[in-house]
Amino acid sequence: MNFLNGVSLGMLLFLISIGLTIIFGVLGVLNFAHGSLYMLGAYFCFQAVSLYQNFWVAMILSPFIVAVVGGIIEMSLLRPVYGRDVSFQLLLTFGVLLVLDDAVRLIWGSGYHIVDPPEALNGIVHVYGFTYPVYSLFILFIGPLIGLGLWGFFRLTLWGKKIRAASMDREMAAGVGINVNRLFTGVFMFGAWLAGIGGTLAAPLRAIGPSMGEKIIIESFIVVVIGGLGSFPGAFVGAMVLGVINAYGAQYLPKATMALPYILLAIILLTKPRGLLSREA
Amino acid sequence: MGGVFSKKRALALWAAGLFLVLGLPFIINTYMTLLMTEIMIMGIFALSFNLLFGYTGLLSFGHAAFFGIGGYITAFLMIHDFPSMPLAILVGSLVATLAAVVVGYFSVKLDEIYFAILTLGFGMMFYTLAHQWRSVTGGSDGLTGLVLPSLGAGFLSVNISTPKSFYYVVACLFVFTVAILLRIVRSSFGLVLMSIRENKERTAFTGIDIRAYRLASFVISGLFAGMAGGLFAIFDRMASPSMLHWTASAEPVLMTVLGGAHVFLGPVVGAVIFFLVEYMITKFTDIWMIFLGAILIPLVIFFPEGVLGTILAKWGKKQHIKGEEGARGEHS
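Chains A and B are the protein sequences, given in the same order. Position 42 of the first sequence, counted from 1, bears residue number 42 in my numbering, the numbering being contiguous throughout. Position 265 of the second sequence, counted from 1, bears residue number 1265 in my numbering, the numbering being contiguous throughout.
No lab work stands behind these hints, which were simulated from the structure alone. Quick reminder that beta carbons are idealized off the backbone N, C-alpha and C, glycines included. Treat the hints with caution; some may be incorrect.
Unchecked claim - Here are the computed distance ranges between Cβ atoms for each label pair:
1. A:Glu171 - B:Leu1098: 22 to 28 Å
2. B:Ser1242 - A:Val57: 37 to 43 Å
3. B:Ile1028 - A:Leu51: 48 to 54 Å
4. A:Tyr52 - B:Lys1164: 56 to 62 Å
5. A:Phe154 - B:Ser1140: 39 to 45 Å
6. B:Tyr1279 - A:Leu51: 37 to 43 Å
Claimed, not checked - Derived DSS-like pairs: lysine-lysine, alpha-carbon spacing no greater than 27 Å straight-line:
7. A:Lys272 - B:Lys1109
8. B:Lys1200 - B:Lys1109
9. A:Lys272 - B:Lys1200
10. A:Lys272 - A:Lys215
11. B:Lys1007 - B:Lys1314
12. B:Lys1314 - B:Lys1008
Claimed, not checked - Reference excerpt, derived from the structure (chain B facing chain A, CB under 8 Å, subset only):
13. Gly1023
14. Leu1059
15. Leu1110
16. Ala1116
17. Ile1117
18. Leu1118
19. Gly1121
20. Met1124
21. His1131
22. Gln1132
23. Ile1287
24. Ala1294
25. Leu1296
26. Ile1301
27. Pro1304
28. Val1307
With the sequences and hints as input, model every part of the structure.
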């Protein structure tokens, strides 16, 4: 039961972290605003559901709009600062976070919103004597589905190969005729889309509020650091570890649960700073 | 800054600055006095942060840890009938320094974003500690109900609970911080820190122990952050977990970038801008961070040296040209 909860939480974290890690791997930018994009995904989902009364429409629309927002951010704000110090890029995306978080407050207010799961998934099932919401199972399935899709995309398609090439060596990729500018915009939009779908899927699970991005960004920082910044399987491992820790910790160490992820983060950074899956020390 | 001004002019500027700081409460109202007090406290915090960021090249995203520890210890002592406020602040700063030794020892091993994330992680550990350890820290409510005793100095006893008198307590410590930190960054120690910022490897090749210098910078920075935290707890009459949250760590970062990380007083100017923007906008709406973000983004893109940094650079150029003209004039 706990395990299932942990894994479904981990799936959401995985979707968000994978976007964060792809953006870092290719663009070299640690996107502080990634949690805000996730939050936007949840709010757009709420808006779309209240407009069309249909969760599936929201699931198509919301991540798409988040991706467009991401594209605008990349082209107008990030592009001028690629040459700069990493710290400045972090600060810039922090500025974006401030704007997005407050924009959400301006548009939807500071209160919490709730989205109901779609009709077809709104129920509970019995698994080995435990009751379990169908929607959580849905997330358990869709998470690996998107993960597999991504894996196929990166391994098998030309665009996937281009992205991997650019993440290994930006200049070399440009040298062999890859339009790096367009690729960067594409990758950022793609990362934003993933954050958007994460937010959309999370909407029926969690209360939607203006501080949800603030919380998830720290969690996904922890995930990508545990797995290794820029590492694809690392994000999966990190997300699962964090999800399960959160679920079990609440049962066995209720007081320390909040601190556990940070302690784990510190240990990993100090012993294997390039992440669990890295080969070098 | 040193290059721009002659010694005489620099002295005059400092005197004017000191005069302004000390004379301000006579011309502004109580509300503004409180605002200025807050600006100076956060100015100390931001200055301490910038020793690490602007001078040593380490972006800490967990600096609120030391601010919060200083605040909690000070508040804890004051609530439990500790006899002296200055001593409480001193103890608070020292405990924060101790914490900085431990956190710094581990953190300075890492660079750039890894350093930023590790400090963020440590900061959040202290946050959860304050949040969970209810019996001592008061949990999410924090430590409330600080009562200020009078500040005894021999037969003279001063009541510091009025805004004006507390302003002067803070002003003294603010001037003290500025003087000490300025002395530090202008010393050979400060030069080493800056050379570490510019090029870590080359500095190491000259035989300098990078980690020791970084740690020293981290610890000094923690000390002043702790002091700022202690003052803030007294200013607010409480210590709350939000003082330790990572969003609190972001405040000195914002102030420093607003004012300019590579000029000594940049963080202070940043603090002034930060609070003036807040003051002006919260008159109309509570949602003011969006404006701060809207200022921050173009600043990072177009003026990475910050407001004061950009102004001084422009002014410096002008001065420079003038100076050359002057020199030519002398020759003819």
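Results for each hint:
For the pair Glu171 (chain A) and Leu1098 (chain B), the beta carbons lie near 46 Å from each other, so the given range of 22 to 28 Å is not met. The beta-carbon spacing between Ser1242 (chain B) and Val57 (chain A), approximately 39 Å, falls within the hinted interval of 37 to 43 Å. For Ile1028 (chain B) paired with Leu51 (chain A), a C-beta distance near 51 Å keeps the hint of 48 to 54 Å intact. For Tyr52 (chain A) paired with Lys1164 (chain B), a C-beta distance near 60 Å keeps the hint of 56 to 62 Å intact.
The beta-carbon spacing between Phe154 (chain A) and Ser1140 (chain B), approximately 43 Å, falls within the hinted interval of 39 to 45 Å. Range check, Tyr1279 (chain B) to Leu51 (chain A): about 39 Å between beta-carbon atoms, so the 37 to 43 Å window is met. Only pairs whose Cα atoms come within 27 Å are accepted, and Lys272 (chain A) paired with Lys1109 (chain B) is accepted, the gap being roughly 12 Å. Taken as a hint, the Lys1200 (chain B) and Lys1109 (chain B) pair is honoured in the structure, with Cα atoms around 12 Å apart against an allowance of 27 Å.
A hinted pair counts as satisfied when its Cα atoms are at most 27 Å apart, and Lys272 (chain A) with Lys1200 (chain B) qualifies at roughly 21 Å. Our distance criterion of 27 Å between C-alpha atoms is met by Lys272 (chain A) and Lys215 (chain A), whose separation comes to about 24 Å. Note on Lys1007 (chain B) and Lys1314 (chain B): the hinted pairing holds, with a Cα-Cα distance of about 20 Å set against a maximum of 27 Å. Restraint check: the Cα-Cα separation between Lys1314 (chain B) and Lys1008 (chain B) comes to about 21 Å, which is no more than 27 Å; the hinted pair holds.
A least Cβ separation of about 35 Å between Gly1023 (chain B) and chain A goes past the 8 Å threshold, and the interface hint is therefore violated. Annotation: Leu1059 (chain B) was flagged as interfacial toward chain A, and the flag holds, the nearest CB pair being 4 Å apart, inside 8 Å. Taking 8 Å as the C-beta cut-off, the interface hint given for Leu1110 (chain B) holds, the closest approach to chain A being about 6 Å. Look at Ala1116 (chain B): its Cβ gets to within about 7 Å of chain A, closer than 8 Å, so that hint holds up.
Checking Ile1117 (chain B) against chain A by beta carbon gives a least distance of about 6 Å; that is within 8 Å, so the hint holds. Interface restraint check for Leu1118 (chain B): the shortest CB-CB distance to chain A comes to about 5 Å, inside 8 Å, so the restraint holds. The interface hint given for Gly1121 (chain B) holds, since its Cβ lies 4 Å from the closest Cβ of chain A, which is under the 8 Å cut-off. Taking 8 Å as the C-beta cut-off, the interface hint given for Met1124 (chain B) holds, the closest approach to chain A being about 5 Å.
Nearest Cβ of chain A to the Cβ of His1131 (chain B): about 7 Å, under the 8 Å cut. The hint holds. With 8 Å as the threshold, the beta carbon of Gln1132 (chain B) comes within range of chain A, its nearest partner Cβ sitting at about 5 Å, so the hint holds. A hinted interface residue such as Ile1287 (chain B) counts as satisfied when its beta carbon comes closer than 8 Å to some beta carbon of chain A; here the least separation is about 5 Å, so the hint holds. For Ala1294 (chain B), the interface hint holds, the least distance from its beta-carbon to any beta-carbon of chain A being 6 Å, beneath 8 Å.
Interface restraint check: Leu1296 (chain B) against chain A, minimum CB-CB distance 4 Å, threshold 8 Å, status holds. Below 8 Å, beta-carbon pairs count as interface contacts, and Ile1301 (chain B) has one with chain A at about 5 Å; its hint therefore holds. Because the closest C-beta pair between Pro1304 (chain B) and chain A is about 6 Å apart, less than 8 Å, the hint holds. At its closest, the beta carbon of Val1307 (chain B) sits 15 Å from a beta carbon of chain A; the interface hint therefore is violated under the 8 Å criterion.
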